[in-house]
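Asks: With chain A's structure known, arrange chain B on it following the hints.
Protein chains in written order, with our numbering: chain A, 254 to 645; chain B, 254 to 645.
A couple of the hints might just be wrong.
Where chains are identical, the list cannot tell them apart; a pair therefore holds if satisfied intra-copy or between any two copies.
[As the list claims (entries may be wrong)] With a Cα cut of at most 25 angstroms, we get these calculated SDA-like pairs of lysine to any residue:
(1) Lys378 with Arg281
(2) Lys323 with Tyr260
(3) Lys280 with Pro385
(4) Lys407 with Thr273
(5) Lys298 with Thr381
(6) Lys559 with Asp490
(7) Lys559 with Gly410
(8) Lys269 with Gly628
(9) Lys340 with Asp370
(10) Lys610 with Thr631
(11) Lys610 with Gly377
(12) Lys576 with Tyr491
(13) Lys378 with Glu277
(14) Lys306 with Tyr367
(15) Lys269 with Asp255
(16) Lys269 with Asn462
(17) Lys306 with Asn462
(18) Lys559 with Ala584
(19) Lys269 with Phe257
For the record, the hints were derived by calculation from the structure and aren't laboratory data.
Note that the structure is predicted; figures quoted are calculated from it, not measured.
Number of protein chains: 2
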Amino acid sequence: MDNFSFYAPTYFAFGKDAETQTGELVKRFGGSKVLIHYGGGSVIKSGLMGRVKASLEQAGIAYVELGGVKPNPRSGLVYEGIELCRKEKVDFILAVGGGSTIDSSKAIAAGTVYDGDFWDFYEGKPVTEALPIGTVLTIAAAGSEGSPDSVITKEDGMIKRGASGEAYRAKFSILNPALTQTLSPYQTACGITDIIAHLYERYLTNTQNVETTDRMIEALMKAMIHEGSKVIENPDDYDARANIMWAGMMAHNNSCGVGRSQDWTSHNVEHELSALYDCAHGAGLAVAMPAVFTYTLHHDLTRFVKAAVRVWGCEMDYECPEKTAKAGIEALRSFLISIGMPKNFEELGAREEDIEKLAHTCCYGSEAANGTISGFTTLDQKDVEAIYRLML
Amino acid sequence: MDNFSFYAPTYFAFGKDAETQTGELVKRFGGSKVLIHYGGGSVIKSGLMGRVKASLEQAGIAYVELGGVKPNPRSGLVYEGIELCRKEKVDFILAVGGGSTIDSSKAIAAGTVYDGDFWDFYEGKPVTEALPIGTVLTIAAAGSEGSPDSVITKEDGMIKRGASGEAYRAKFSILNPALTQTLSPYQTACGITDIIAHLYERYLTNTQNVETTDRMIEALMKAMIHEGSKVIENPDDYDARANIMWAGMMAHNNSCGVGRSQDWTSHNVEHELSALYDCAHGAGLAVAMPAVFTYTLHHDLTRFVKAAVRVWGCEMDYECPEKTAKAGIEALRSFLISIGMPKNFEELGAREEDIEKLAHTCCYGSEAANGTISGFTTLDQKDVEAIYRLML
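Chain A extracted, bound-state conformation:
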């Protein structure tokens, strides 16, 4: 196991009506004037925003608002948020929404207290300072409520990049599974796929002898498969949504990813898809994962065999372990299709003629990029093109 540090000081208020604690939690963590950052009108229509504001008012917390966050959140709104926070002397950012809203909030939180362009953080500069952040989560998916990560898309060139740093851990996150009951089956399934991807990205490691985190990842995957099927069948199943919500946080707060190298190839390959076609991140991952895994299978066959047997319950083929490994990938693909995810480029709205461009941006798109993407294995543009072709 590799050396590591782990620090996840987020307070979680979990359960029914947890959003009534918002005001008290902002106060506890030092906020006096809040930016409420959100997406579309659904949080208003559902009544959630009213309850959040009432809670803030009851605690004597002032607030300003900025809505309009879109899936694959954009840099333009981040700049707008930074300006508003500086003008209004905001000292706390409250994200009310899903991963996109939280990621946009994190970028605003860092940008407000930084002299330069916030995009620097998305080109590799570590995030060491930011306004305190709180979240009221409305979809179990990105894990951003408990992670030190944020992903933003720069409109100029539609480049999607991530940033990370301890200052990006929320001070508190409010997780009320009932809030996710109004999501469409498609949104719910996208969330489930994203969570499973966060687990695979950590499972595919080159570090040996990491049984504890291996087992934790397998456990969370099995819980996602079991509870994911239940919630697609019955969207009102509160307990299934609660299990998914906690698993989504645990999958990405990195307690199951410490001390081991990680992959993130599927995310890198997917980011180009959602940046160019504006598809849902989870939907892109559903198409990307089986292709990436098929392409990298022989880098460490045993690891895919282990996932197949332990997670997917495949029968071990002792004469031909490769068959078992492939059966595991097929089981993943079937599961994703069963919950309503797309299976190829066409269903995703992607185009074969863009493949060279997608692969080029993936390998050379950011200033830090050097022509390859690395993780479980190192891939160049030709490899990434081949992976996209497997998605046709």
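Replies: Here is chain B on its own, set in the frame of chain A:
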């Protein structure tokens, strides 16, 4: 799933030579004058204390020392520590040792800033304030390095009781698996048993539909069985010790215990044994667990069947699930014996003639006690006597 809050803001520095970060971490978390609290001479002989002091000195941190913590740490030393901290104006407690040293440090940390008798906290008063605490862990066992818990034995009557509160979470914990390589096989096995017990205490729940935490607990148990066997065979296996150390923290920081009722009957039953006979806590648990589980089996047979099949790999007996459940308990017993743990009262040094007294103290010992112990099921003195008899 039940509503809950979860807050685990401990910074973990994990890996080889991690103790060299001690001074810098004390500084980061606001300490300027430290009490170094420790047990016997082993941390001095091993050279660990020298490295810790060098790190403190390098960071310009002053310190005083108090050694002498014994397994099943006593109230007498806590009072001594409180007096010393007040006299020396200590503002940070650094525990260098195992669970006993950390638990004693927590009691001192709370007692120093409290006007009354620190024992109040061990009679049920919530711990809301304490000096900041850091730990340098030398044995994977109690999980106190990441938990909000502490257990102390009051010399007057040899009463062993626990206290809990957010202020009991360490600011930082240094986990260097190499430090555990000098432990005897018996101490190592006691630690493994304690960790497994922390998992069973959470697994035995009356809350329905908690698949995510069920799976997490099962995962950590399987890792402990696998890595526990490896480390007993080869005490120098760094990776096995690293896997156990992280599992030990995860088993007790409660991320796998949230949103569900828990048991703690085995711990309650054991505390009387280690209080009266001064046996190792882990050894007492090895004898207590199979007896408690056998006695409470029929409260929820399915839960024991699930543990048997999923954790211990027992074949499901569809015609007679009870046989499967019992096979799981036997598998646990065999595993504990295989790593060198005692199997009955005699091997533990306990006496049949004390059973009535043990059961009485267990059910009536503390001021808060009302004649029963509760968790997975509610047991009165007669039940507890019957459990002790199963250990003969």
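Asks: Tell me, which hint numbers fail for this structure?
Replies: When the structure is compared with the hints, numbers 2, 4, 5, 7, 12, 14 and 17 turn out to be violated.
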